Amino acid sequence: MPMQMTVVGPHLNSLRRDVFAARFNRRPFLIEHELSNHPLFDLSRLVELSQELPTDRVEYNAGDLPITQNPQLTPRNGLTVAETIQRIEECRSWLVLKNVEQHPAYAALLDECLNEIESYTNAIAPGMCRREGFIFISSPGSVTPYHIDPENNFLLQVRGTKEVFMYDADDREVISEETIEEFFCGAHRNLVFDEQVRDREHHYILTPGDGLHFPVVAPHYVQNGPEVSISFSITFQTSQSRDRQSLHRLNRTLRRWGLHPSPVGRWAWSDSLKLHCVNLMRRFKKSAQ
Numbered sequence: 001m002p003m004q005m006t007v008v009g010p011h012l013n014s015l016r017r018d019v020f021a022a023r024f025n026r027r028p029f030l031i032e033h034e035l036s037n038h039p040l041f042d043l044s045r046l047v048e049l050s051q052e053l054p055t056d057r058v059e060y061n062a063g064d065l066p067i068t069q070n071p072q073l074t075p076r077n078g079l080t081v082a083e084t085i086q087r088i089e090e091c092r093s094w095l096v097l098k099n100v101e102q103h104p105a106y107a108a109l110l111d112e113c114l115n116e117i118e119s120y121t122n123a124i125a126p127g128m129c130r131r132e133g134f135i136f137i138s139s140p141g142s143v144t145p146y147h148i149d150p151e152n153n154f155l156l157q158v159r160g161t162k163e164v165f166m167y168d169a170d171d172r173e174v175i176s177e178e179t180i181e182e183f184f185c186g187a188h189r190n191l192v193f194d195e196q197v198r199d200r201e202h203h204y205i206l207t208p209g210d211g212l213h214f215p216v217v218a219p220h221y222v223q224n225g226p227e228v229s230i231s232f233s234i235t236f237q238t239s240q241s242r243d244r245q246s247l248h249r250l251n252r253t254l255r256r257w258g259l260h261p262s263p264v265g266r267w268a269w270s271d272s273l274k275l276h277c278v279n280l281m282r283r284f285k286k287s288a289q
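Going left to right, the sequence shown walks through residues 1 to 289 as the numbering used here numbers them.
To be clear, the hints were calculated from the coordinates, so they are not data collected in a lab.
No experiment lies behind these values; they were computed from the predicted model shown.
Please note: incorrect hints may appear among the correct ones.
Stated by the list, open to error - Pair ranges (Cβ atoms, derived):
#1 F284 <-> E83: 48 to 56 Å
#2 G127 <-> L259: 24 to 32 Å
#3 K285 <-> N37: 48 to 56 Å
The beta carbon of each residue, even a glycine, is placed where N, CA and C say it ideally should be.
Construct all of the structure, not just a fragment, from the sequences and the given hints.
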């Protein structure tokens, strides 16, 4: 029988146009939300969701990890997905349910949340698209290793606490153009953390009701508090973020040809010319098919 939903919006609070204008996709900032008691985040319901999603949309592993983790050597926890969620309080694990918008109830909640944000982001970077939701479930003390993500993200802390250590995506002493290019061409999200940049971090302690904006490819790692943590990431792309991904991929190609392309975002005329070339190549490939 379908679950009867009684929670209604608005779901998000503390949305300020001046903060979005100054910081969206540039620097992290906090918002607030009302999802902490939402029934879709009960552990029993998340067990059901884990069985309803395609198997490749569930990722989980041991949670006792270092900040720098070789993705090829990430240890498993020896449990099934359902066992991991049911025993999350003591099994020392980390789990993510990906693309939860494939389930109608979670798709509706994701859209409700992003609809509240869209007018703020459209004023800065129009064309919100590719809406995706991710639910993170992790044991006390678990670590999410240092990594980057490709989406505009608002992480909503639903249960437990977690510390986020984030670094600026435009700081080239933290993350190089080449690293970003390789990532958008298929390299793994995990990165090697450099202790020499630790003093550049943005440090946040998230409790239930807190939300945090993560700019695209802002390097970060996460340390869970002493309780089970559940977080809901509401993510999306914009026309601008998709264009920048295309530019990074083109720059990687140019670099492999022995050229030295200008960094994405440095010169508007250069970005425009490169995008024109990308679009021409796409049309050529499409016509050749």
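Comparing the hints with the structure gives:
no., hint, verdict
1, F284 <-> E83: 48 to 56 Å, "51 Å, holds"
2, G127 <-> L259: 24 to 32 Å, "29 Å, holds"
3, K285 <-> N37: 48 to 56 Å, "50 Å, holds"
Hint compliance for this structure: every hint is met.
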